[in-house]
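Visitor: When you get a sec, could you build the whole thing from the sequences and use the hints?
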Amino acid sequence: MKENLSIDRIKDWLEEVKDPEIPVLSLNDLGVITGIDIQDSGKVIVNMTPTFAGCPAMDVMKSDVEEVLKKRDIEDFEVHLSFETQWNSNMISEKGRLALKEFGLAPPPKHNLIVDIDLIEHAKCPNCSSENTDMKSPFGPALCRSLHYCNNCQQAFEQFKPL
Amino acid sequence: MNTEALKDLLYKIADDQLILGHRNSEWTGFGPLLEEDIAFSSMAQDKVGQSWQFYKILNELGESDPDTVAFMRNADQFHNCKFVELPNGEYDFSLIRHFLFDTAEGIRFNMLSTSSYEPVAQLAKKIKGEIKYHTMHANIWIKQLGSATEESIGRLQQALDYAMPYALGIFETSKFEADLKQEGIFDGEEALKAQWLTQIGEIIAETDLRMPEIQSLQPQLGGRYGEHTEHLQPLVEEMSEVFRVDPTADW
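Taken in sequence, the protein lines are chains L and Y.
For the first sequence, my numbering assigns the number 426 to the initial residue and increments by one for each residue that follows.
For the second sequence, my numbering assigns the number -18 to the initial residue and increments by one for each residue that follows.
It should be emphasised that the hints constitute simulated quantities derived from the structure, not laboratory data.
Ideal Cβ placement from N, Cα and C applies to all residues, glycine included.
Be aware that a few hints might be false.
Said to hold, decoys possible - In the DSSO-like style, the derived pairs of lysine-lysine whose C-alpha atoms are separated by at most 27 angstroms in a straight line are: (1) Y:K162 <-> Y:K106; (2) Y:K124 <-> L:K549; (3) Y:K174 <-> Y:K156; (4) Y:K(-12) <-> Y:K162; (5) L:K535 <-> L:K520; (6) L:K436 <-> L:K468; (7) L:K561 <-> Y:K124; (8) Y:K106 <-> L:K487; (9) Y:K37 <-> L:K468; (10) L:K487 <-> Y:K37; (11) L:K535 <-> L:K561; (12) Y:K156 <-> Y:K124; (13) L:K436 <-> L:K496; (14) Y:K(-12) <-> Y:K124; (15) L:K496 <-> L:K468; (16) Y:K109 <-> Y:K124; (17) L:K468 <-> L:K561; (18) Y:K109 <-> L:K549; (19) Y:K106 <-> L:K535; (20) Y:K162 <-> Y:K124; (21) L:K436 <-> L:K561; (22) L:K443 <-> Y:K106; (23) Y:K174 <-> Y:K106; (24) Y:K(-12) <-> Y:K156; (25) Y:K109 <-> L:K561; (26) L:K535 <-> L:K495; (27) Y:K109 <-> L:K487; (28) Y:K124 <-> Y:K37; (29) L:K535 <-> L:K468; (30) Y:K109 <-> L:K535; (31) L:K487 <-> L:K549; (32) Y:K162 <-> Y:K109; (33) L:K535 <-> L:K549.
What the hints assert, rightly or not - From the derived model, a few chain Y residues whose C-beta atoms are all more than 10 angstroms from chain L: (34) I19; (35) S23; (36) Q139; (37) G150; (38) G182; (39) E211.
Guide: Okay, here's the thing in C-alpha cells:
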C-alpha cells in the first residue's frame, strides 16, 4: 500500500474535482461521493451516485475522479457509479450551499424527502435574500435547475432544484 | 427469479421512456414559449437518460448493450405503448399526453420503489423524484388551460377525448402479470391503472374539462408486443439515423 494513504487523504484530493456545470461545487460538497475504501491490497474504491439519472455530467465527473487518482500515482483503483445510495439535494454540504449562493444559484431548501410545489415555488433570491419570488418554470438550463424571478430586486435567477 | 418476466417489464418501461423522450425532444426549438421549449427539452433528457439506465439493467440480465438495443431494432421489436409514439400534434395534445403518461409513470415508479428486485427498486426511488417535476409541470398547465378560455378548454377537451383510448393502452397487461406480482417485482397494471384514474380524475375535477367515459372506450392495445401505429418506424429511423451510419463509432 502507498505510504500515508488514507480515506481522508483521498477525500481531500477529490476536493479539486468540481461539478463541470457548477465549477464552484466540489464532488464532496455536491454529495455524490458515497463511499471511499482502501482494500488490503492497496486498491482504492470510490463509489459515486448520480444526481439525475440522465445527467450528462456524471461520466465527466467519473473520469475526473479517475484522473485525480492517476495523478496521485494510484494505479490500482475502481470508480463505480450506482444507485445503491440515491442522491438527494439534502446531501449538498453547508459549504456547498454557500458556494452555490455566491455563484448566484439559490441552494435547494432542505426537505423531509417530500418535495412538493410549495417547496419549489418559494425560492429565496440568491442576490438580495428576498422570499418575494415567483417560479417561472420547474425546468432550467440544466436538469438540476429551475427558473425564478425576484419581485424585490427584479432579477431572474436559478435555483438548484430540491430533489 | 423469473428473468423473462422481469425483462418484459423492463423493456416496456425503457421503450416508453425512450420513445416519449424522443417525441419530447421534437419540441426543442419549436415550443410556444421559451420556458416550454426548455421544459420539453429537459423532460426529453430525463426520459432518455432514464431509459438508458433501464437498458443498462437489461444489459446486466444478458441483453445487448444499451446503444444497440436503442438504435438497432425495428418498430415491431419495440415494447412501448402506442400512446407515446403518436406524433406531437398541436401543443394541446402534447400537454395532455404529458399529463396522462407522466401521472402513470409517477405511480409506476412509486410502486417499483418497493420492488423485490433491488436494482429496479433503487433506480425507481431515484426516478420518482425526477418525475415529480414532470407531473408538477403538467398539472400546472392542465389546471391553468383547462379553466381559462373557451378555446383553451375546447382544445384540451378534444385532445383528452382523442388521447384517452391510447392512454388506456399504457396498462395493457403483460403475459407475466401473475409472476411479477407473485415474486413481488411489480404489483401489476390493473393496480397502477386504478391509482391513475383517481389521480387524473382529481386534477380534471379542478378544471372545466370533462372526464371521458372510460368504460365505453376501446383501449388501444398491442404496443407491448410489437404491434404499432405507422408512426413508430419513421421515428425509429430518424432517431437511429446517425448511429446506424457507423455503429462502432466512438462518441
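Visitor: Hints first: check each against the structure and report whether it holds.
Guide: Quick rundown of the hints versus the structure:
1. Y:K162 <-> Y:K106: holds (19 angstroms)
2. Y:K124 <-> L:K549: holds (26 angstroms)
3. Y:K174 <-> Y:K156: holds (17 angstroms)
4. Y:K(-12) <-> Y:K162: holds (14 angstroms)
5. L:K535 <-> L:K520: holds (14 angstroms)
6. L:K436 <-> L:K468: holds (15 angstroms)
7. L:K561 <-> Y:K124: Given that 27 angstroms is the threshold and the Cα spacing comes to 16 angstroms, the pair holds.
8. Y:K106 <-> L:K487: At roughly 22 angstroms apart (the allowed maximum being 27 angstroms), K487 (chain L) and K106 (chain Y) satisfy the hint.
9. Y:K37 <-> L:K468: holds (26 angstroms)
10. L:K487 <-> Y:K37: holds (17 angstroms)
11. L:K535 <-> L:K561: holds (21 angstroms)
12. Y:K156 <-> Y:K124: Violated, at about 37 angstroms.
13. L:K436 <-> L:K496: holds (14 angstroms)
14. Y:K(-12) <-> Y:K124: Not OK: K(-12) (chain Y) and K124 (chain Y) at ~37 angstroms, beyond 27 angstroms, violated.
15. L:K496 <-> L:K468: Given pair K496 (chain L), K468 (chain L) holds - Cα atoms ~15 angstroms apart, limit 27 angstroms.
16. Y:K109 <-> Y:K124: holds (22 angstroms)
17. L:K468 <-> L:K561: Roughly 48 angstroms separates the two Cα atoms, so the pair is violated.
18. Y:K109 <-> L:K549: The hint holds at about 25 angstroms.
19. Y:K106 <-> L:K535: Roughly 18 angstroms between the alpha carbons, so the hint for K106 (chain Y) and K535 (chain L) holds.
20. Y:K162 <-> Y:K124: The given pair, whose Cα atoms are some 35 angstroms apart, is violated under the 27 angstroms limit.
21. L:K436 <-> L:K561: Since the Cα atoms of K436 (chain L) and K561 (chain L) sit roughly 38 angstroms apart, the hinted pair is violated (cutoff 27 angstroms).
22. L:K443 <-> Y:K106: With Cα atoms ~26 angstroms apart, K443 (chain L) and K106 (chain Y) stay inside 27 angstroms; holds.
23. Y:K174 <-> Y:K106: holds (20 angstroms)
24. Y:K(-12) <-> Y:K156: holds (12 angstroms)
25. Y:K109 <-> L:K561: holds (22 angstroms)
26. L:K535 <-> L:K495: Violated, because 35 angstroms separates the two Cα atoms, which is more than 27 angstroms.
27. Y:K109 <-> L:K487: holds (24 angstroms)
28. Y:K124 <-> Y:K37: violated (37 angstroms)
29. L:K535 <-> L:K468: It is violated: about 36 angstroms lies between the C-alpha atoms, which goes past 27 angstroms.
30. Y:K109 <-> L:K535: Since the Cα atoms of K109 (chain Y) and K535 (chain L) sit roughly 18 angstroms apart, the hinted pair holds (cutoff 27 angstroms).
31. L:K487 <-> L:K549: This hinted pair is violated, its Cα atoms lying about 31 angstroms apart.
32. Y:K162 <-> Y:K109: It holds: about 20 angstroms lies between the C-alpha atoms, which stays within 27 angstroms.
33. L:K535 <-> L:K549: OK: K535 (chain L) and K549 (chain L) at ~12 angstroms, within 27 angstroms.
34. I19: Incorrect as stated: the minimum Cβ-Cβ distance to chain L is 5 angstroms, not above 10 angstroms.
35. S23: With a cut-off of 10 angstroms, S23 (chain Y) comes too close to chain L, as the shortest Cβ separation is near 4 angstroms.
36. Q139: holds (26 angstroms)
37. G150: Holds, because the least Cβ-Cβ distance between G150 (chain Y) and chain L comes to about 25 angstroms, which exceeds 10 angstroms.
38. G182: holds (19 angstroms)
39. E211: It holds; E211 (chain Y) is separated from chain L by about 29 angstroms at its closest Cβ, greater than 10 angstroms.
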